[in-house]
Amino acid sequence: MASMASSSSTHFYTPNTSKSNPKSSFFKLSILSHHQDDDPPLQTTHPKGRREIMLRCSEVAVLGAIFHFSGTKPNYLGVQKNPGGLALCPATNNCVSTSENISDLAHYAPPWNYNPEEGRGSKKPVSREQAMEELLQVIKSTKPDNFTPKIAEKRDNYVRVEYESPIMGFVDDVEFWFPPGKKPIVQYRSASRLGNFDFDINKKRIKALRLALEKKGWASENSL
Numbered sequence: 013m014a015s016m017a018s019s020s021s022t023h024f025y026t027p028n029t030s031k032s033n034p035k036s037s038f039f040k041l042s043i044l045s046h047h048q049d050d051d052p053p054l055q056t057t058h059p060k061g062r063r064e065i066m067l068r069c070s071e072v073a074v075l076g077a078i079f080h081f082s083g084t085k086p087n088y089l090g091v092q093k094n095p096g097g098l099a100l101c102p103a104t105n106n107c108v109s110t111s112e113n114i115s116d117l118a119h120y121a122p123p124w125n126y127n128p129e130e131g132r133g134s135k136k137p138v139s140r141e142q143a144m145e146e147l148l149q150v151i152k153s154t155k156p157d158n159f160t161p162k163i164a165e166k167r168d169n170y171v172r173v174e175y176e177s178p179i180m181g182f183v184d185d186v187e188f189w190f191p192p193g194k195k196p197i198v199q200y201r202s203a204s205r206l207g208n209f210d211f212d213i214n215k216k217r218i219k220a221l222r223l224a225l226e227k228k229g230w231a232s233e234n235s236l
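Every number in the working numbering is 12 more than the matching position in the sequence shown, counting from 1.
It cannot be assumed that every hint is accurate.
Unchecked claim - Taking lysine-lysine and the BS3-like style, the derived pairs with C-alpha atoms no more than 25 Å apart in a straight line are:
{"no.": "1", "residue 1": "K85", "residue 2": "K216"}
{"no.": "2", "residue 1": "K155", "residue 2": "K227"}
{"no.": "3", "residue 1": "K215", "residue 2": "K152"}
Hints are computed from structural coordinates only; laboratory data are not their basis.
Given the sequences, and given the hints that come with them, work out the whole structure.
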C-alpha cells in the first residue's frame, strides 16, 4: 500500500498556476516521466483476492475461537406430562418435532418405526433395548454438516444429544423418546437454541439419521 501511495502523489502532480520558468516546467515533466518508468507494474487482482479470502477465513476462525454461541439449554426439554410427548416447536424456522400437527409443514416430522411390518418387524423384530443401542450407534457415527454430537442425557426410554457446530459453537438440542406401550415407535425433536432460521440444518440432520437407521432395518412414515 505504501508504494501505491507514493505513486499516486507523483502522478497527481499539480503545476503551480503562477508564472513559471519553461525550463523548470520541462524539468518537472522529465522527473514525472522518470518516476512513471521506474514504477513497478501493478499486480493483478488475483493474488490480492486470494490474500483477502485467506484473511477473511482467518478472521472467521478467530471469531469462532473467541465467541462461543452455545446458548442456554431450554428448561422445557424432556418428556412432557400433559399430554405425554416431546415439546412443540417455537414459531421460529429452526426446529422439527414429531409432536407437531401433521399440517404444520414447517415443523412436523414423522416418527420412526424400528420394527416396520413390511421389514424386520414381521421376520426378526428387535427389542426396545436393541433399538436404543442401534440409535446410539448411529448418533455417534453420523455427523451431518460436521456438527459434533455429545450425549447429554440418557435414560432407558429417552436420549438428549447436543450437536455443536464446527464454527462459532452453536448448539442444537436433539431428543429421542421411546413412548410406553407395544408400538415400536420413536419420537424425536431437533431444535436450534439460537436464531430464527437454520438453513434446514435440523431437517437435514434428521434425514441423515433416518437414512442411517434404515440400513439397520428402521422405517419412517414418510420422508423429510
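Results of checking the hints against the structure:
For the suggested pair K85 and K216, the alpha carbons sit about 22 Å apart, so the restraint of at most 25 Å is met. Our distance criterion of 25 Å between C-alpha atoms is met by K155 and K227, whose separation comes to about 16 Å. For the hint linking K215 to K152, the alpha-carbon distance of about 18 Å falls within 25 Å, and the restraint holds.
Going down the numbered hints, you'll see the structure goes against none, and every one checks out.
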